[in-house]
Each structure stands twice: as structure tokens, then as C-alpha cells.
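Peer 1: Spelled out from the first residue to the last, the chains are:
Protein chains: 2
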Amino acid sequence: MKPTKSPASQKPASAKSAAKSTGGFITLPAEKGEEKMVIELTKKWGADAIRDSDGTELSKEILDMGMEIYSTTCLVRAEQKYPREHMDQLPQKYLMSDPVTAQSATVVIDPMAGFYREKYVIDTKHSAKKYWEVIDRTTGKVVPTSKWKLDTKTGKVTVKGITPFHVYTVNFLVFQIWDTTSMYNHLTNNWNKPHVISVDPYHKQCWDHLMKFYDKYLEDHPKTDVVRLTTLAYHFAVDSDQDAVDKFRDWTGYQDTISVLALEDFAKQYGYRLRGEDFVDQGYYNAACRVPSKGYLDWMKFIHKFVVKYGKELVKRANKAGKRTAIFWGDHWIGVEPYKPDFLKMGIDIHVGAAEDGVALRRISDTPGGLVKELRLYPYFFPDVFKEDGTGEPTAESLSNWIKIRRALMRKPVDRLGYGGYLRLALKYPDFIEHVTELCNEFRAFKLNADGGESLKAPIKVAVLNCWGNWKAWINSFGAPQKFLVKRPDVIQVAGTNLLECLAGLPVEVQFISFEEVEKGGIPKDVQVVINDGDAETAWSGGSWWANPKIVEAVRKFISNGGGFIGCRGPSAHMHQGRYFQLADVMGVDKEVGSTLQSATVLAQVEEKHFITEGLGAKPDFGTNETFVYVCDRETKLLAANGLHVMAAAKSFGKGRSVFLGALPYDLTNSRLLHRAIFWAAGKEAELTKWYSENPATECAYYPKTKKLVVVNNSDKPQTTKVFDGQGKATSVSLKPYESRWI
Amino acid sequence: MKPTKSPASQKPASAKSAAKSTGGFITLPAEKGEEKMVIELTKKWGADAIRDSDGTELSKEILDMGMEIYSTTCLVRAEQKYPREHMDQLPQKYLMSDPVTAQSATVVIDPMAGFYREKYVIDTKHSAKKYWEVIDRTTGKVVPTSKWKLDTKTGKVTVKGITPFHVYTVNFLVFQIWDTTSMYNHLTNNWNKPHVISVDPYHKQCWDHLMKFYDKYLEDHPKTDVVRLTTLAYHFAVDSDQDAVDKFRDWTGYQDTISVLALEDFAKQYGYRLRGEDFVDQGYYNAACRVPSKGYLDWMKFIHKFVVKYGKELVKRANKAGKRTAIFWGDHWIGVEPYKPDFLKMGIDIHVGAAEDGVALRRISDTPGGLVKELRLYPYFFPDVFKEDGTGEPTAESLSNWIKIRRALMRKPVDRLGYGGYLRLALKYPDFIEHVTELCNEFRAFKLNADGGESLKAPIKVAVLNCWGNWKAWINSFGAPQKFLVKRPDVIQVAGTNLLECLAGLPVEVQFISFEEVEKGGIPKDVQVVINDGDAETAWSGGSWWANPKIVEAVRKFISNGGGFIGCRGPSAHMHQGRYFQLADVMGVDKEVGSTLQSATVLAQVEEKHFITEGLGAKPDFGTNETFVYVCDRETKLLAANGLHVMAAAKSFGKGRSVFLGALPYDLTNSRLLHRAIFWAAGKEAELTKWYSENPATECAYYPKTKKLVVVNNSDKPQTTKVFDGQGKATSVSLKPYESRWI
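These protein sequences, in sequence, are chains A and B.
The opening residue of the first sequence carries number 1 in my numbering; numbering runs sequentially from there.
The opening residue of the second sequence carries number 1 in my numbering; numbering runs sequentially from there.
Because the hints were derived from the structure by calculation, they are not lab data.
There are no misleading hints in this set.
Copies of the same chain are indistinguishable here, so a pair counts whether it falls within one copy or spans any two.
The calculated lysine-lysine pairs, modelled on BS3-like cross-linking and capped at a C-alpha distance of 30 Å, are:
1. K345 with K447
2. K301 with K212
3. K141 with K520
4. K309 with K223
5. K487 with K619
Since the model is a prediction, treat every value here as computed from it, not as a measurement.
Input sequences plus hints: build the corresponding full structure.
Peer 2: Take a look at the structure:
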């Protein structure tokens with residue numbers, strides 16, 4: 001039985017709670033033994049749904065509170081007897097040994113030397129000679145299997161008859177003997193429980209076992225309304241070094257989806273075999289920043305198809321048991337990409353995604369298909385932020401997140417909010433409890449005043465162009481500074497440029513397109529502005545795609561015919577035929593990377609007045625003093641510069657326009673700059689001052705369905721702003737710090 | 001008649017002046033009508049030689065002063081009737097039109113649109129279809145000649161049947177109708193004389209004409225002792241845009257050495273033809289920063305051979321007339337590279353080179369062959385610095401240059417100093433006249449105390465490894481910041497990193513080697529430390545050479561056997577097989593360029609105490625806050641960092657050692673850092689404190705021949721320092737600002 005679509009988008013999560021209160025739309029984590037707190041917070045925050053967490057259970061008392069009940073299960077790691085009896089059905093992956101420089105004609109490599117031995121064991125079940133590769137990284141050539149030998153006892157590979165002073169690596173298969181999330185929780189929350197092992201449902205026997213277990217689970221949870229799947233089959237990649245410290249992380253990557261069985265099936269279906277090197281990718285592991293290869297993309301399609309099939313089965317069984325399903329993005333969410341059309345075939349009812357900022361919000365709120373969308377807010381009630389000694393600062397973190405989320409929420413709404421973790425930790429912070437109370441009320445005010453409608457957008461559709469398109473819609477395009485940020489592992493923090501975060505709160509439609517799509521069909525007809533934002537030679541910028549004539553033809557044609565182009569960081573960057581920026585002719589700027597050191601730049605003066613830089617209030621921060629980008633065309637209008645380093649520039653091309661931005665860290669000035677740049681690039685300057693809040697610290701959104709306008713103050717100071725209506729008529733509004741005002 | 005070698009290195013320039021005074025070793029520019037000043041300054045500065053300048057003449061009175069007479073001639077531009085009658089014997093060059101983006105299937109390109117029409121005319125004598133190329137820069141393919149047509153009247157090229165939105169360029173041949181130096185002097189010194197046109201002696205008729213003219217010149221200058229050739233056949237490249245502003249400059253480039261005749265001869269000799277694209281190089285014009293192609297290197301060899309032949313003839317004729325020859329590096333000096341063995345075949349007596357810093361000094365003083373070496377100091381007596389209104393600051397510029405030059409002079413001496421320009425301009429600055437008086441005396445003190453000997457070097461030979469080796473020994477390896485410096489066109493100023501300048505003053509032997517040499521013969525046996533200093537993908541760093549197994553084998557073997565390696569900026573940088581720095585295994589660091597964003601760095605602490613960073617007195621300035629270089633090996637010793645950005649690191653590899661430096665702008669702290677890094681890399685820490693001045697603002701040099709020690713203060717403040725003798729015994733010395741003290 002498939003439930004009717006999107007029941008919760010207009011009303012509280014379930015019929016049970018619909019009639020109850022002016023509250024609603026909030027999911028609370030609960031836990032056996034904490035019943036009193038649950039009741040108290042349910043009232044205070046207006047919660048209408050209760051969930052359990054990893055490692056917590058719901059008591060009968062909680063289950064009987066009359067609320068919507070979410071029960072969390074991660075099937076592939078739910079039961080721990082089976083994996084221990086079927087160690088050949090654990091998830092596999094290809095790893096590359098740390099490179100070893102040969103000092104003589106023989107080299108001994110311990111492939112596992114740089115990896116955590118409690119997490120991985122080498123695969124000795126399948127033939128190493130068939131599935132492993134030793135590669136001479138100095139020449140790039142595969143070393144013949146006759147030259148090397150794996151000692152299965154020591155796990156070491158001896159390579160003979162090689163060239164001294166060349167570098168060698170081994171691509172090898174492992175089984176994962178410790179689930180990544182389990183390991184993370186052990187380390188972060190100081191768990192001291194048996195290691196959790198996941199299994200791979202790609203194996204028929206495993207699939208059958210899981211389904212049997214699942215049916216039992218459904219039976220055992222009669223009070224559960226929603227099965228919250230966390231998530232489906234494969235975990236995202238986190239590789240751990242010899243000391244259990246993260247050495248590689250790809251939240252969107254397919255590195256952990258491998259089994260020899262699937263490799264063989266792939267070869268049959270696609271007519272070619274994938275090698276270890278296709279996954280190891282010289283040690284770059286096809287990370288999101290890498291321009292994807294055909295082999296990797298084919299593998300993604302192959303696995304995505306399997307995961308959808310698996311998810312469909314889980315939904316079918318839940319529905320049969322009279323339950324709906326929610327899916328939580330995180331943990332085992334690989335293959336679940338909700339922007340891919342096949343996702344909807346599963347019949348999931350509720351999206352749940354964690355959100356720390358506007359990009360994360362849009363990642364959830366823009367998903368197609370009309371599912372109920374629930375936001376899981378940070379911070380999680382974990383001891384890293386909610387320190388037991390009371391020295392944590394959860395309120396500050398939450399507020400900073402919320403202001404970014406609210407900007408994005410004004411453009412694309414979600415249906416519900418929720419929290420996760422251990423409630424008792426949150427209760428130690430009364431100011432946090434109060435803050436969340438206000439936050440929940442403010443969220444409900446948005447729902448009430450919008451009445452299910454969406455705010456009005458400008459007549460501009462923006463397409464973000466990169467290698468991934470919908471595979472990674474609203475996924476952060478990190479730049480090189482990200483590498484040098486010491487991160488908190490559970491939250492996505494962005495170092496440096498963050499154009500997407502600026503974009504997340506702007507009143508335009510946004511879609512994500514890939515070079516593959518542009519190669520086939522050009523720029524979509526309904527798009528007015530194309531954004532290419534990414535570091536050079538990454539998947540975000542496009543790398544070698546820019547040497548593909550079809551791409552530059554399509555993009556130039558689009559702009560020449562009146563389209564807008566916004567390039568940020570390394571737009572169209574790829575060294576080819578005398579240009580680094582392949583669209584240097586369009587943008588009027590190029591980047592110095594060492595080949596034109598002895599050629600002069602065009603000397604340009606910064607334009608004193610330009611539509612894009614008007615009324616910003618403050619000087620934009622391009623995140624760097626030196627872009628090494630120079631003006632290469634006398635028609636270029638320079639908008640901001642440090643000496644000869646171009647920070648922002650604009651240029652006409654045919655009937656269209658282009659804008660270059662050196663980088664764009666998120667702040668209110670930069671968001672406004674992008675706002676204006678989009679309208680200028682689209683040639684729609686006249687549209688800007690319709691439903692527009694002049695002060696860059698403020699923004700507004702108009703809801704045509706209810707004819708209501710909301711004006712928000714995104715800053716920590718009182719602000720006064722002129723607000724323009726749909727006819728461009730202005731009125732003045734004064735707002736308290738962070739206030740949202742409905743008019 | 002060949003004069004005896006190097007007469008002036010031990011004594012004044014000629015027998016004429018040898019007996020005269022305690023002065024000597026100074027060449028003065030003189031000029032008809034300024035006789036009184038010439039006599040005055042001759043005494044004051046102790047000049048023993050007189051020269052004319054471009055545009056000045058010497059009077060009988062001056063010629064009869066009894067001094068050594070240098071007469072300047074630049075034969076290829078000396079006589080102006082011949083070129084005007086033989087416009088097909090002017091120097092030619094290949095230019096690339098500015099790129100044009102086609103908006104339809106036809107595009108019209110005016111190749112000269114971006115170039116100065118008073119400097120170049122297109123070559124309509126030779127077949128455009130044979131020598132020109134139209135290139136589709138979107139695909140990189142040459143457009144068939146059937147698709148385009150040159151209108152010789154308008155100079156425009158019409159290309160039909162092409163792909164809209166592709167970019168097209170024309171590689172075309174021009175004749176140069178205005179000599180580059182003449183044009184520069186016109187613009188800088190506001191000359192208002194007829195344009196000077198150079199000719200190309202590659203044409204037999206032109207060669208014969210020049211020789212006839214030259215013989216007459218020799219006859220007409222009976223009092224001339226030294227013919228100062230400025231220089232020989234081909235000017236270095238300065239391309240001028242449509243407004244006569246420099247758009248490209250390569251002081252060491254062969255761009256202006258082309259004639260159709262030479263192209264055809266080359267094809268016969270080398271068995272393959274060079275295309276326009278071989279010279280145009282996608283618009284990069286084989287600039288010094290570009291990794292050179294085989295074709296370009298072959299062309300250099302071909303032209304070098306011709307220039308040597310031409311120079312030999314000029315020397316022969318001068319000697320026959322009883323005169324010696326000097327050669328001035330600059331202007332028409334292409335093909336004269338003094339570090340190439342063929343240079344000495346010419347039989348030149350005196351090197352004259354302009355020097356603004358230690359690198360320029362070493363460029364002259366290190367040349368092999370024992371020629372007399374004369375330094376032409378900056379500033380030139382030109383109105384740009386010696387402003388007529390007295391507001392110039394020539395003394396400050398001279399002093400700043402001199403301190404750098406003096407450092408280098410202590411390691412490798414020259415024989416003479418000289419000035420150029422208009423003496424009357426200098427006389428308006430009495431403080432400058434006094435300053436030069438002191439400078440000349442100080443220089444002579446060095447000569448006197450050294451008595452022809454050279455200072456003692458540490459037992460360390462450093463080889464600077466790049467694509468050019470001896471072709472461009474002691475030529476600055478500019479980095480990307482150079483592009484963003486608004487330069488004075490007559491002096492080489494270095495923006496940002498300047499390792500060579502630091503090196504110029506250190507007590508070690510230095511040689512320059514090319515990858516080609518290393519590929520053939522490995523690292524030379526007598527070398528202890530290899531330096532690879534350059535931006536990634538430039539000729540200075542090496543680019544694709546680092547993917548050549550022979551190179552990495554040789555360098556790794558050298559280090560593993562006990563050699564030292566110092567990498568600066570983009571050492572061994574070339575994206576290949578999972579590494580950006582190909583010697584990441586050796587250096588223990590790699591650079592983030594977008595592929596390893598999701599891989600963690602090794603977290604390392606800066607070493608509190610390390611030989612390299614000890615006793616520097618100040619924090620080294622690596623010229624940037626963000627190198628994007630990270631530690632990739634647990635054995636790496638971090639020496640300096642900004643957060644996770646590595647500024648300096650050290651590591652052992654086999655029996656050898658390597659040092660990485662993010663960048664190294666020139667200053668006294670950084671020079672000392674390099675000093676220590678070289679000794680550490682060579683494993684000769686114990687040798688450091690022999691003939692060593694502890695305070696980094698000071699340096700010393702010991703002259704074994706005279707057993708004298710000089711200690712210098714390179715700073716503008718008094719300094720006290722411990723000075724160590726050859727046994728490591730220290731004494732304390734106090735010095736006035738800038739003082740040099742002989743002990």
C-alpha cells in the first residue's frame with residue numbers, strides 16, 4: 001500500500017497529532033528512562049513525532065504518548081550474528097597502499113601499513129593476481145603479476161625485478177570489518193560496545209537474511225508509524241589510517257560499494273571490466289573533487305540501480321505492514337541520490353536530512369517528488385558540543401546555523417524540523433532549550449504564513465554547471481583552502497569560498513546540470529544564467545571538459561544569444577591552446593599559471609559605478625589578496641581588484657553577459673553581490689527592485705498564495721531597510737537583531 | 001692578432017693608464033662638449049677608460065686624454081641607408097594575432113590589430129599559404145589553407161567554412177621596421193630622431209655590406225682601443241601592442257632571430273621544418289618561463305652557431321686593426337650566451353654587463369674563459385631617474401643595488417665598473433657623485449686586498465637544475481607575482497621569491513644544469529646539492545620533465561647516495577600518477593591542487609630547534625601565507641608553517657637530505673636560511689662556522705692568496721658580529737652601516 005503523497009507538507013506529521021495543538025512539525029529524539037523530559041519538551045517545542053536514536057530505545061510510556069513514532073533502523077548493520085558468520089559478505093573496497101620508493105630491484109610493500117587494521121582486512125578469498133594490481137607510479141605502468149607475490153600470512157607483497165628509485169603501489173581489496181559510523185561513535189562518544197559490522201546486501205543470501213530480519217523488525221514495532229531508514233545499503237567513505245585517524249573522506253562517494261560479485265556482474269552488463277585502478281584512481285579515489293571517469297560514472301549508475309531496487313523492497317514491506325518510510329541522508333546513503341529520477345521509484349515518504357546551513361537546507365528542500373521534508377538540525381545532542389561540564393556553546397552554533405537556514409528556507413521550504421542525540425545532554429543547557437522553543441515557533445510561523453505556498457521567484461533560472469549535475473546537487477564545491485581547515489568531523493564546515501551558500505538564499509530558481517548533459521543537449525532552454533564555480537581541474541570547475549569543443553560551443557552560443565555566465569575561482573580552467581580559462585574571450589580575464597609571465601596584462605581601472613557593486617554597503621571580501629587573474633581584453637569592466645589581481649570583472653559577449661568572481665566566501669555583502677550579479681548577467685536589472693529589501697543585511701520574500709511578505713534581519717544588529725513591493729514601491733521597515741517580520 | 005688573455009683582471013684596463021694613479025678599473029661615459037666634467041670625474045672616480053654612448057660622440061680633446069677608449073657600435077643598426085633600400089633583409093618574426101571568437105561560419109582577422117604598426121609590417125614577400133597558419137584554438141587544429149585568404153592590401157585574413165563559437169588565430173610573419181632599442185629610447189628619453197631600422201646579417205648581401213661598413217668604422221676610429229659591440233646580430237624580444245605599449249618581453253628569447261632564409265636552411269640542416277606554431281607556441285612565444293620544445297632548442301642552437309660565426313668575424317677584423325673587443329649584454333645579445341662553450345670561440349676580450357643586483361653580478365662574474373669582466377652599474381644617467389628638476393633619487397637606488405652586488409662580488413669578482421648615459425645629468429646630483437666616488441674606492445679596495453685571488457668557498461658545489469641549464473645561467477626565475485608587478489622597463493626587478501639573489505652571495509660554487517644533461521649523464525659527480533627552484537610547470541621547475549623516469553631516477557639516486565636537494569616553490573611539480581610533486585617521497589611534502597581535497601594531511605608540529613632555522617635573528621618571510629603545500633610523510637620535519645600550510649620542511653632520504661621552501665624572497669634572513677639549508681642538505685653542518693660571520697646582517701669572505709678577511713655589514717644599522725676563522729675560532733667585530741672592513 002502506497003500512502004498518499006506528501007501528507008505532512010500541509011499539516012502535522014500524522015493524523016494522530018493533527019488536531020492536537022498550535023505546535024507540530026517537530027521530531028524529538030527520545031530515550032527509555034527519560035520520559036519526563038520527553039513530555040516537557042514535547043509541550044515546549046510543540047513536537048508531534050518521536051524518534052529513537054542509534055543506541056537508544058523507546059519505552060512503552062513514550063510509545064503511548066499518542067505521538068507519531070519514528071523508529072530508526074539501519075538494516076545492514078542491525079544484526080551482528082550474521083556478519084560474523086559470513087565474513088565474505090561484508091562490504092569491500094579497493095585501497096591503494098602508501099607509495100613506496102624502491103631503493104633496489106626488490107621492494108616489499110605492506111599494503112595495510114597505512115590503514116587501520118581494526119577496520120579492514122585484506123581479501124584473501126579472491127585471487128590477488130586477478131583483482132589486485134602493483135603499479136609503477138613513476139611510469140604509470142602495471143607491473144606484470146609474474147613479478148610479484150602476496151604472502152597471505154603476512155599480508156605483504158614482494159615485487160622483484162623492478163627499477164630502483166621508481167615508486168610502487170599496490171591496489172588491493174579489503175573487507176571492512178568495522179562499520180564506519182560505529183567506529184566514529186566509539187571514538188566521539190566514547191562508546192565501549194562490540195564493534196558493529198555491516199554487511200553487503202548485494203549477496204543474495206545476505207539480502208534474504210536481511211529481509212527476514214526486517215519483516216521481524218516490522219512485526220516487533222507495531223506502534224511505529226514511520227520506519228526511518230538510516231539509510232540503505234552502503235556507507236559513504238571514511239578511510240582510517242594506521243592510528244584510526246581519518247585519512248580520506250567522501251560523503252558522496254561510491255568507494256565502499258564494492259564486492260567481487262558486483263564487479264563481475266558489472267563486467268557482464270557493461271561489456272568491460274573495472275580494474276582496481278578505476279576505483280583507486282592514483283590514490284585520489286574518485287573523490288567528489290575529481291573529474292569523474294566514465295568507468296566510475298558507470299559504476300555509480302550500476303550501484304544506484306541496485307540500491308533503488310533494495311530500497312523499493314524495504315518500502316514495499318513497510319507499506320505492507322501499514323507503515324510509512326523516512327530516509328535519513330547520511331551514513332549508508334550512497335546510491336540514494338534524491339535528485340536522480342530513479343529515487344522516486346522507491347516510494348519513500350519522508351526525506352530527513354541534517355542541515356547546518358542554507359546549502360544543506362536547499363539540498364533537502366529542492367528535492368523533486370513532493371515528499372515530506374524534515375530537517376535535522378545541528379548541533380546533535382552529543383557530548384562533543386553539549387559538554388557534560390556545561391562549557392559547551394550549543395546556542396551560538398544553532399543560531400548561526402539557523403540564520404543561514406532561514407535565508408534558504410524563504411526560497412524553498414521544508415515541512416518539519418527534528419533533532420537527534422541524547423535529550424538529557426540538551427537539558428543541561430536551559431538557554432538552548434529556550435532558543436529552540438523560539439526557533440520552532442518561528443519555523444511554524446513561516447509555515448502558517450506561507451500556507452503551503454512557495455515564495456515568489458524572479459523570472460531567472462540559474463543552472464550550476466559542473467561534472468556531477470544532479471548526482472551531487474547542492475553539494476558543497478570545496479576549494480583548496482578546505483584541505484587546510486582542521487574540521488569537526490560531523491559537520492560540514494566550508495573554508496574560503498562558498499558561492500552556493502550565497503546562492504541558497506536568493507530569489508531565483510536553481511538547477512544543477514552536468515557537462516554530459518550540455519554535450520548532449522546544450523544549455524537548457526529555460527535557463528537564464530549559468531554558474532561555473534570551482535577550483536581549476538576539479539569536478540566543480542570541469543577540467544578537461546573545457547577542452548571539449550561541444551561544451552565551449554554550447555556555452556558561448558548560449559551567452560552570445562543573451563544568456564548570462566558567472567564564473568567563480570577557476571571557471572572554464574584547463575590549459576589548452578594558449579588559454580587557461582577557456583572562456584577568457586567571454587569573461588575578458590585569464591589566470592597566470594606560469595606560461596604568460598612575460599606577457600603584459602591589460603591595464604584597467606576599477607569601475608567607480610556598476611550595477612553589480614552598487615549599494616553593497618561594505619567592500620566585498622573575495623577571500624584572497626591574490627587571484628593571479630588578469631584582464632586580457634580591453635572590453636572587460638573591472639569591478640574589484642588588488643593591484644593587477646582581478647577580484648571581480650564583467651563583460652558583454654554578443655547579446656549576453658558574463659561575470660567573473662575571484663572567490664566568494666559566504667557573507668551578507670557577498671550574497672548581495674551575487675544577487676546583483678545574477679540579475680545583471682541575466683540582463684534583468686529592472687526586475688531587481690521588485691520584492692526587494694535594500695539593506696544587504698536584510699532580505700525579504702513574498703508569498704503570492706497568502707499575499708504575505710516576510711522581511712528578515714540576518715544580522716546581530718537592529719536594521720532599517722527600504723522594502724520594495726511587486727510594483728517597485730518602497731516602504732521603510734525597522735527590525736530587531738535576527739528578527740523575521742511578516743507583513 | 002689575438003690579444004693576450006685577460007690583461008685587465010689584475011691591473012688597470014690598459015698600459016696607458018696603468019702607471020697613472022691609485023685609481024683605475026672604471027669606465028666613464030663621455031660626450032662631446034662636456035670635456036671639463038669628464039676630466040673632473042675621471043680624477044674623482046679614478047676612471048681609466050672612456051666610452052661613448054648611443055647617441056653621443058667623443059671629441060678630439062677627450063680622445064687625447066690618454067685614457068683607454070671604448071667605442072660603441074651596434075653594427076646591425078649602425079647605418080640607416082641600407083635597410084631602407086633592402087626592406088626584405090630586416091629581422092623577421094612570427095606573431096600570433098589576438099584570438100578571435102567566430103560568431104558565424106566566417107571570421108575576418110586583422111593579424112596586426114593588436115600590434116604596433118610603426119614597428120612591424122606583415123611579410124607579403126613570402127607566400128602566406130606556405131609560411132602562415134590559421135589555427136582553430138578550440139580544437140587545436142590547423143585550418144586548411146583552402147579555407148582562408150590574405151588580402152595583401154588590407155592585411156586582413158578571411159576564414160570561411162569554420163565552426164561558429166570556435167576561437168581562431170593567425171600565425172603570421174612580419175618584418176621589423178623599427179629597432180626595439182631605438183623605439184625604447186624614443187619613448188623613454190623623448191628622442192625625436194628618425195626611427196632606427198636594424199638589419200639581419202643572415203642575408204649574405206647584408207653580411208657583406210656590414211663588414212664593409214665595419215672595416216670603414218675601424219679605420220675611422222684610430223684612437224679606439226676597444227670596440228664595444230652592442231651586441232651582435234639579434235635583439236631580444238619586446239613586442240609592442242597597438243598603442244606601442246610592451247605586450248611581451250623576453251630578454252633571453254630567440255623570437256626576433258627569424259628570416260625565411262634561415263628557416264629554409266634550418267630545414268635542410270636538421271631534416272625537419274619549423275612551423276609558425278613552433279615559434280608562436282600558442283601565443284606563449286617560447287618565453288623563458290616555458291618548458292622549451294625540441295624545435296625551439298634546435299633553433300637556438302642553429303642561431304647561436306650563426307651568431308658566433310658572425311661575432312668571430314667582427315673580432316677578427318677588430319684585432320687585425322689592432323683593437324680589442326668588448327661585448328655588452330643587452331639589446332642585440334641573442335645568440336651570444338657566454339656560458340655556452342662556443343662563445344669563447346669568438347675571441348672577445350671584455351664582457352660588459354649591466355647589473356642591478358647580485359644575480360646580475362654573478363651572471364657576469366661566473367662566466368667561464370677568463371675574459372675581463374666589466375660591470376655597468378645602475379642607474380643609467382638617463383632622465384627617468386636623473387630627473388632634470390632634481391627630484392630623482394639615484395643615490396638610494398645605487399646604494400641598494402651596490403649592497404646586493406657587493407655580497408655577490410665577495411664570492412666571484414669582476415674586473416671593472418662602468419657607467420652609461422649622459423654625464424651632464426649625473427652632475428646635477430652632487431651626493432650621487434660623492435657616493436660613486438666612495439663606491440669606486442671600495443671596489444678598488446676589494447681588488448687590492450684580493451690581489452687577483454678569489455675568496456675561499458665551502459667544499460660544496462650547488463647545481464641549479466632547470467630546463468635551460470647554461471643557456472640561461474644566472475637568469476632570474478620569475479614566479480607568478482612578477483606578472484602583477486608594474487615594472488620599470490629598463491631594470492630587472494624581481495617580485496616575490498628570489499632564491500637566486502640569496503644564493504648569489506653565499507660561499508659555495510654554483511653551476512647550472514639542464515634536465516637534458518641529467519637525462520644523459522645523471523647529476524654531475526662533483527655536485528653536493530641540487531636546487532630546483534621555480535613555479536610549477538615552468539622551465540625553471542621543469543614541468544613534464546618530472547614525469548621522465550630517467551630524471552627522477554637520477555635525482556633520487558643522487559640524494560639516496562648522500563646528496564642534498566633543495567626545492568623551492570614548485571619543485572618537481574607535475575601532475576602524474578597520484579603526485580603533484582614528483583619528489584613528494586623525497587621532500588615529504590606535496591601540494592594541494594584540487595585532487596586531494598578530501599585526503600587528510602599529516603599533522604606535524606614545527607620543530608622548535610633545527611640546524612636550518614637556528615640563529616636567523618628574525619622570522620623568515622616566505623612571501624605568502626598560503627603555500628597549499630602539506631606534509632605527506634610522517635618522517636618530514638616541519639621547519640615553518642602557517643596552520644597546515646608548509647613554509648619550510650626538511651627530510652632525510654637514504655643517505656641524503658632534502659629541504660622544501662615555499663618561496664624565498666631576497667632578504668638577509670632568507671639568505672642566511674638558504675646558507676644553512678645548503679650546508680644541512682650537504683650534510684656539512686660542521687663546515688658552517690669556518691670563515692663565518694654569525695650575525696645574519698653581516699657576511700665575510702676569506703682570501704687565501706692574500707690571507708685577508710673582509711667582513712661586511714649589509715644593513716643600514718651598526719652591527720656587531722662574531723666572526724669565525726678557518727679553525728672555527730671567533731672574534732667580535734663591530735661595523736658601521738654598510739661598512740666593509742678588511743682584516
